[in-house]
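A.B. asks: This is what each chain is made of:
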Amino acid sequence: MQIIQLQNIDFSYSGKAVLEDFNISFEKNSLTCLLGSSACGKTTILRIIAGFEAPQKGSVLIENKKVSAQGKIIIPPHKRNLAYIFQDLALWPHFSVYKNIAFGLQERKAKNIKEKVFEMLDFFNLSEHANKFPHQLSGGQKQLTAIARALVLRPRILLMDEPLNNLDVKLKHKMLEHIIRLKEKFELSILYVSHDHKEAFTLADNVIVLNKGKIEAEGTVADIKNAKNEFVQYFLEY
Amino acid sequence: MKNYLAISLIFALFLFSCSTENKEVVVYTSVDQVFSEPVLKDFEKETGIKVKAVYDTEETKSTGVLNRLIAEKNNPQCDVFWSGDPVRSVVLKNKGITQAYQSPAANDINKVYKDAQHHWTGFSARARVLIYNKSILPDSLVPKSIFDLSKKVYQNKFAIANPLFGTTTFNIAALFNVLGDEKAKQFLTDLKANGLVIATSNGDVKKRVVQGETACGLTDTDDAHEALAEGADIGIVFLDQEGIGSLIMPNTVCLIKNAPNSEKGKKLIDYLLSKQTEAKLAISCAQMPLHKGVQVPENVPSLDNIVPMHIDYDKTAQKLEEIQEYLKNWVEN
Amino acid sequence: MKNLFYIVFTLFGILVVLPLIHTLFGIFFSGDFFPNIQQFNPETFNLLFKSSLIAIATATIATFLGTVLAFLLYKTSLSSVNLLKALLLIPLFISPYILAVAWRDFFYLSFNNTALISSAAGTVLVLINIYSPLSVLIIGSALNNIDTQLEESGLLVTNFPKMVFKIILPLIKPAILSSFALIFIFSISEFSVPAFFGIKVFTTEIFTQFSAFYNHSLAILQSLLLILVCVLLLFTEGRYLAGASFLSMGSKGTKSKIYELGKKRNSVFAFSILYLIISVFIPFVVLFIQSFKYGTEKFIEAFNILLPTFSNSLMLAFWASVFTVLTGFVFAYYSVYKKHSILNKLSNWFLLIIFAIPSIIFGISLIKFYNRPELNFIYSSLAIVVIAYTGKFSFIAFKLIENSMQQIPKSLDEAAQITGIAYSRRIFKILIPLIMPALFAAFILSFIFNLGELAITIMLYPPGMEIMPIKVYTIMANAPQALTSSMTLIVFLISLLIISSFYLIYRKIERKYSPLFKMQ
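First to last, the protein sequences are chains A, B and C. Be aware that the first sequence starts at -16, since it is given in our numbering, and climbs by one per residue. Be aware that the second sequence starts at 382, since it is given in our numbering, and climbs by one per residue. Be aware that the third sequence starts at 135, since it is given in our numbering, and climbs by one per residue.
I should point out that these hints are in silico values taken from the structure, not numbers from a laboratory. No experiment lies behind these values; they were computed from the predicted model shown. Worth double-checking, as some hints may not be accurate.
For lysine-lysine, the following DSSO-like pairs were computed, each having C-alpha atoms within a straight-line distance of at most 27 Å [said to hold, decoys possible]:
1) A/K55 - C/K209
2) B/K648 - B/K454
3) A/K115 - C/K544
4) C/K184 - A/K82
5) C/K334 - B/K566
6) C/K544 - A/K40
7) C/K391 - A/K55
8) A/K55 - C/K296
9) A/K(-1) - C/K209
10) C/K398 - A/K49
11) C/K472 - A/K115
12) B/K573 - C/K184
13) B/K454 - C/K502
14) C/K391 - A/K125
15) B/K515 - C/K427
Quick list of the computed label-pair ranges, beta carbon to beta carbon [claimed, not checked]:
16) C/P543 - A/K94: 58 to 68 Å
17) A/R91 - C/P543: 31 to 41 Å
18) B/G429 - C/I412: 50 to 60 Å
19) B/N710 - C/K307: 28 to 38 Å
20) A/K48 - C/N400: 27 to 37 Å
21) B/E427 - C/L509: 44 to 54 Å
22) C/V365 - A/I163: 56 to 66 Å
23) B/L560 - C/S164: 36 to 46 Å
24) C/I412 - B/L560: 21 to 31 Å
25) C/F347 - B/S526: 30 to 40 Å
26) B/E679 - C/T194: 50 to 60 Å
For every residue, glycine included, the Cβ atom is placed at its ideal position computed from N, Cα and C.
Turn these sequences into a full structure, and let the hints guide you.
C.D. replies: In structure tokens:
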């Protein structure tokens, strides 16, 4: 079953076409890696899905519901039931760890907020840092806080934009394992943007290779490894 | 590179510093630049002495010039102070900032308009007059005496400038001297009760009357003259011609103590006190000459035809210092 | 480079701070202190309270308006934004006194009533008119610097209005507080507007002591109270922000997020236009009508009167602004990179004190210090005016530059340091290009303020020198309204012309300096 569908998308940014008549869809409960060099349009795809941008043409469907179409946002980001982990994590510097996580719940007037937040904090071993501010955390702790903040709202979809870029190799591996476990535990559909094919191959159920706004190849890890496509082979060399 | 930058910045600062020449005279004046500058330029042309002036204005009450003279007392930069009224000169005299100079050019000026110790000398005078808006006040209602203004007819219809500053202060101090303290205070209280408007300046009084915001107001002849020149529909009245008379306010000039160029300063004072200067000021701002026999345009009234208020200018200025505190309360409460 | 820093510090201390200390000590250690301090009474404090209320009202409303307008202009897809931004700044160029006159004339012409405007409320209105643009500038630049991702992650969990209140506003809190503090200080020390409307406030009281009673000592002691209020305010602000973790905002180079207005586009545009009509159009039209009522004759006359002042005034404003920005830069650098020195903190307070002290008192202090034969080369030249301007406005430059420096990650400098790049190269090649917009803004603001500064200039300008604001004010006393209004218009047009040319030069430098700005 497909959870997200982008149909016939045109998107340009300050007059420059990024995507043209672009189609893509993502499987439910799977971890799909969008792989490509920088400026290939992969972040744009995430932003369109999240609802930060509306494609000038075409429509976006989430769970078969139209969320944006023809230049209009139909359902705003916070009602799309998805979470986004940004490249720089975007932890709110004026909120504590606790507040960063609790904020979304509070805004939705959820019940048992404290319990839910601490469940997350415990899960990520962050409980003792609850009252710290983002600038007082280590890189890994920041990462975990960002993930906890994303998951506390129990989204169906998690969008991740190269979130592990700034971590050391050991921590990165730990995080990758963590993400796989999270997917199972929270029954998530994850869309993971990366330029690192090793990272992609460790994680992904499905991989999509992008180049200049076009899909070069898609399939399982094995499919991609065996792809005959020139760009893909070139890309995998490095 | 860094040091050059630093040095050149300091150098730029010093560039502004330039040495002063000696063929010059420094004058500070509270007389509006429009009127004072042409006279000073003429002096420059006729004598070849360069005039360096610091101008000020009553309008915004920056009173920068007077405070500057006081602050510079220990090392005067200024030679001559040309004031639009006698008050400021008396203040300077009392603070020991002026020195005596008896100008030969002022010999035939009435001694009423001169300091007994020759610290200041008066010339070209303005008078305090009442102006009224002709479209609001019919001729029959035009007041003849300042004391009419506490009458019911003029309730909320009369404006004066803030009496803490400028010529209005002097006007009120003169009333105190003529009437005695008690009567003068009673009169001021009555005026206040009659809803008089306190404007920011004489120019502001003029503007309010011209625009018809208030029916009439007290101001100086030069403001009244200016309003007429602009085509305003106003009338001018010399008050109390059958009583205490109109207040005459001469310009005054004084020589600063330890002036750096006192000889040239004296030359400038002589020039300012000449008939020639009085004639020019009569033309430019309708000021009345104090010398006899100065040619004046038709619209300038002559002192021969006006009953002046008989006051001692020095004493009035002393009185002014006495009543400042009272006036401050009167204005504010 | 380090030498230059020390030179600036030392020069500022000797040229600007010392005269003030000299005057204050003069009062404390003369017989003037006790008799005058006894004149402080409940009335003095009531008046101070009233002035504070007016300043608080002005600062609050102006900052509120400034925030709303900055948001509309910097964060939304409003049309003709650049034109609106430029128009909005106009009131800053017109001197407060002239604006007050224009407003009173407007009330008279349209309602036949001036009592409404000649009131404390009217004073607040005119002050808001003048200082809102300042708030737009300060808050707009902060909005520009928020990391887009912080806003977007907020949008994922809540709706737009709540995101604005919970994320954006807290993030720009330092800018909001700066705007409030600056406008408060400007308003509480403003003299000409309340004086014109006949409203008794603390500054008019100080002025009365000066100009009606010639009691310099009492006036100076009273102004110390005024300064105390400002110091307390900034101290509280500093305390409040000290523990804040959010001073360093987004990394530079990310494009600021712009929101689509959608259906609200027209009403928002209408609101901006309404604001412009009230704050710019009305006073401007009054000036315009007055100038050209009798044809262009008065306008040409005004031009001829002001012509000889242009070169002096522009030179003066230019050099004073250069020194102001230099001082602001050096003080900001020390405040951001070498936080813990007491001397440094002390000198920052002096910047504030000199900014907040009434101009006339600062002027008197400079006269008392510099007017001696051995310092005549400074006192009798324009150098004294340059010193005065630099002293007066360095605080604003300091605040703007400091804010901007705080947003530059220290790692950028450290990265260069590790590569072994020399101190001065790091400053010229890394720090300065990154804070260029703030340096430029500081320069322009100082230039505007220097060009229009009257109170200090009239105390200090060398005899015989022709200076623009002095000429405008001394001529306007008995000049026809048409001439006065024309002069105001000319001053405004000249400022605009000069500032636009600076802007063009700046654009050139900017392009050459760093490709970073092209992205913005």
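A.B. asks: Now, for every hint given, state plainly whether the structure supports it.
C.D. replies: These are the hints, each one checked on the structure:
At most 27 Å may separate the alpha-carbon atoms for a hinted pair to count; A/K55 and C/K209 meet this at roughly 19 Å. At roughly 22 Å between alpha-carbon atoms, B/K648 and B/K454 fall within 27 Å of each other, so this suggested pair holds. Of the pairs offered as hints, the one joining A/K115 and C/K544 holds, with about 22 Å between alpha carbons and a cut-off of 27 Å not exceeded. Between the alpha carbons of C/K184 and A/K82 the distance comes to roughly 40 Å, so the proposed pair goes past 27 Å and is violated.
Between C/K334 and B/K566 the alpha-carbon distance is near 22 Å, which keeps this suggested pair within the 27 Å criterion. For the hint pairing C/K544 with A/K40, the CA-to-CA distance comes to about 43 Å; that exceeds 27 Å, so the pair is violated. As the CA atoms of C/K391 and A/K55 are separated by approximately 17 Å, the hinted pair is consistent with the 27 Å bound. Using a Cα cut-off of 27 Å, the hinted pair A/K55 and C/K296 holds, with the two alpha carbons roughly 21 Å apart.
Between A/K(-1) and C/K209 the alpha-carbon distance is near 22 Å, which keeps this suggested pair within the 27 Å criterion. Between C/K398 and A/K49 the CA atoms are separated by roughly 24 Å; this keeps the pair inside 27 Å, and the hint holds. The suggested pairing of C/K472 with A/K115 holds, with an alpha-carbon distance near 26 Å, which does not exceed 27 Å. Under the criterion of a C-alpha separation no larger than 27 Å, the hint pairing B/K573 with C/K184 is consistent with the structure, at around 24 Å.
Restraint check: the Cα-Cα separation between B/K454 and C/K502 comes to about 9 Å, which is no more than 27 Å; the hinted pair holds. The straight-line distance between the Cα atoms of C/K391 and A/K125 is roughly 24 Å, inside the 27 Å bound, and the hint therefore holds. Restraint check for B/K515 and C/K427: the C-alpha separation of about 22 Å stays at or below 27 Å, so the hint holds. In this structure the hint that C/P543 and A/K94 lie 58 to 68 Å apart at CB is violated, the actual value being about 40 Å.
Restraint check, A/R91 to C/P543: a C-beta distance of roughly 34 Å satisfies the suggested window 31 to 41 Å. Taking 50 to 60 Å as the suggested C-beta distance range, the pair B/G429 and C/I412 conforms, at roughly 55 Å. Our hint of 28 to 38 Å for B/N710 and C/K307 is violated, since their Cβ atoms are close to 45 Å apart. Taken as a hint, the range 27 to 37 Å holds for the pair A/K48 and C/N400, whose Cβ atoms sit roughly 30 Å apart.
Distance hint for B/E427 and C/L509: a CB-CB separation of about 34 Å, inconsistent with the stated range 44 to 54 Å. Taken as a hint, the range 56 to 66 Å holds for the pair C/V365 and A/I163, whose Cβ atoms sit roughly 58 Å apart. At roughly 39 Å, the beta-carbon separation of B/L560 and C/S164 lies within the given 36 to 46 Å, and the hint holds. The hinted range of 21 to 31 Å is not satisfied by C/I412 and B/L560, whose Cβ atoms lie roughly 49 Å apart.
The given range of 30 to 40 Å is respected by C/F347 and B/S526, whose C-beta atoms sit roughly 31 Å from each other. The beta-carbon spacing between B/E679 and C/T194, approximately 58 Å, falls within the hinted interval of 50 to 60 Å.
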